[in-house]
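**Student:** From first to last, the protein sequence lines are chains Z and A. The first sequence begins at 9 in the numbering used here and counts up by one. The second sequence begins at 144 in the numbering used here and counts up by one.
Hints were generated in silico from the structure; no laboratory data involved. What you are looking at is a predicted structure, and each value in this text was computed from that prediction instead of being measured.
Derived coverage of chain Z by chain A (criterion: at least 3 residues anywhere in the stretch with Cβ under 8 Å from a Cβ of chain A; other residues may be distant):
#, region
1, 206 to 212
2, 225 to 238
3, 260 to 272
4, 399 to 410
Note that beta-carbon positions come from the ideal geometry of N, C-alpha and C, so glycine has one too.
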Amino acid sequence: MKKIRRHRRRFLKQGSALAGLAFTPAAWGALIPRSAHAALSQRSDDQNALVNVLYGQRSRFVTTTRVIEGRSHPDRPAVRPTPHRPSARTPLSDSVGIITPTSLHFATQHHYGIPDINPAEHKLMLHGMVDRPLVFTVEELKRLPFVSRVHFLECVGNRPSPRGQTVSDTHGRMGCSEWTGVPLSVLLNEVGLKTDAKWIVAEGADGGKHTKSIPLPKALDDVLVAYGQNGEPVRPDHGYPLRLIVPGFEGIYNVKWLRRIKVVDQPYLSFQEHSRFLSPDPRTHPDTYDFGPSSVVTFPSGTHSLRTHGQYVVTGLAWSGGGAISRVEVSTDGGQTYRDAELAGPALPKAHTRFYIPWHWAGEEAVLQSRCTDEKGQIQPSEAEYAAYWGLTRQELYGTVQSQLGHCNWMQPWRINRDGSVTNGLPAVEEIADVHA
Amino acid sequence: MYTRSAVLLTGVLTSGAVMFGHAQEVSPSGLGRPPSATELRDWDLSVGPDGTELPEGTGTAKQGVLVFTRRGCATCHGPTGREGPAHALVGGAVTRSSNYFPILYWPFAPSVWDYIRRAMPYDRPGHLTPDEVYALTAFLLHQNGIIGEDDVMDRDSLPKVQMPHRNDYTVPEVWTPDHPRGFRILP
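Whole structure, please, built from the sequences with the hints as guidance.
**Tutor:** Written out as structure tokens, the structure reads:
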């Protein structure tokens, strides 16, 4: 063992000299201990380096982590030990490209903890208004036709706000991944739909058995039963081993730890559903489904600091539940003038789209904001346009919980101050009394 | 039945997913198996707004008081369901900051039954008997002033309970792939 360790140290010291050389199986044999688990559980300093070979780690100079939210109800202390886990937001201010690393992808609060599911024992049942109810194992699902598609996943809790310090505060409840799985249309064809089928009800295997009604036309359109995320199995806090991906729809539709799909003839209006589906205001109905066009500048954004004058790129993300992003415009003067941004990479349907504009900063005060247009011609609104549509004052807008508003897709400006600091560009808003909705 | 159909279809089908004795009832891929009657009954937790799937069982508010205490509900929701620290189950209002609607504002009584059976008690969900769930549902509906203390809740009576805010709601249109969003700002 000692010899092997010495050998490994020598190897690591010579790492730069070896770079570019092909590894031989013998070299790998010397590096990898008999039990990889032993290396992972008893790490010495040089074993840490070995672990890095087995499972790549980022540079020690990269320290970005998810952002933990406070307790969802600070006024309601837990009276029993609970499995509740807080929400964690994506650190968007450090993001590049369109894919969110799975380890940094937002995960909403898990009221019932994260189930520890053995995929060999997990099953998915499809039943209800079908010709032949069926139970599939995970292994069987992987024998069916599959697709890989890049889609954003956003919580309805995302909202531009003057109270957000960072872009994670305002928009961190979203991420974008490549999802691999079986189209739900394939599975519904396996079971055969009866003629009066109109909705499906999906259910997870978590303690609370989260359940959500989804209109059948959507289920047949582009919904996936996903087992892969960014080239690896979906991780436990994202629904291992199976989750539903409902592209462009609110995050709550994307049922994790999926175990059952029932085909029915009406929305089932379970807990959390009736308040969204059954609003007396018909204007809110379209907003219970797909997100409208949205975009936000991620650099420079709140708490960033521009240290020198000169050339920068203003960059950010645009996305829409309505399809692909066709245009992004960026303003550096708070919306008085706009110029078209470059789309830096693919503009995929219902996916994050990265944009940028080159920008020369000479030390002046500036207000940066972006707006986007999707392939349906829908244009992201300003705060004033959004408030006017719903007939709300600014105080009412920010005094109303997100789940009672439509999707909050207005523009979020960031202010560049003369000293290079970056702060929220929305004017402060006073708190208002909580009143009957 | 399974044996007979398997015999009848031997040589026609190579898959093990033979069921119900009809060739057209085999899935196109031949993968998957039909759930047993027990699985269909035990796994199907969904109870729709009209209560179609409600099982046998009964309960009254009077019985619910005991269950509420015995099963630990009061520990989180308070002795009468009002005191917390968890969400108040009795009374309440929908305000601008309401993330969850109070039960009083739920449009359909079977949804209450569904959620209690599905997710409660919080530390041990899924362990209540149908009778206990009917009793707890009756207790909460009575505490909210919707039914009487001795009203028996079962699969027939619960769906007939008229929730006070039922008519405040409208059912949404079904989504279609080219469905327009209500919010459309034109240049």
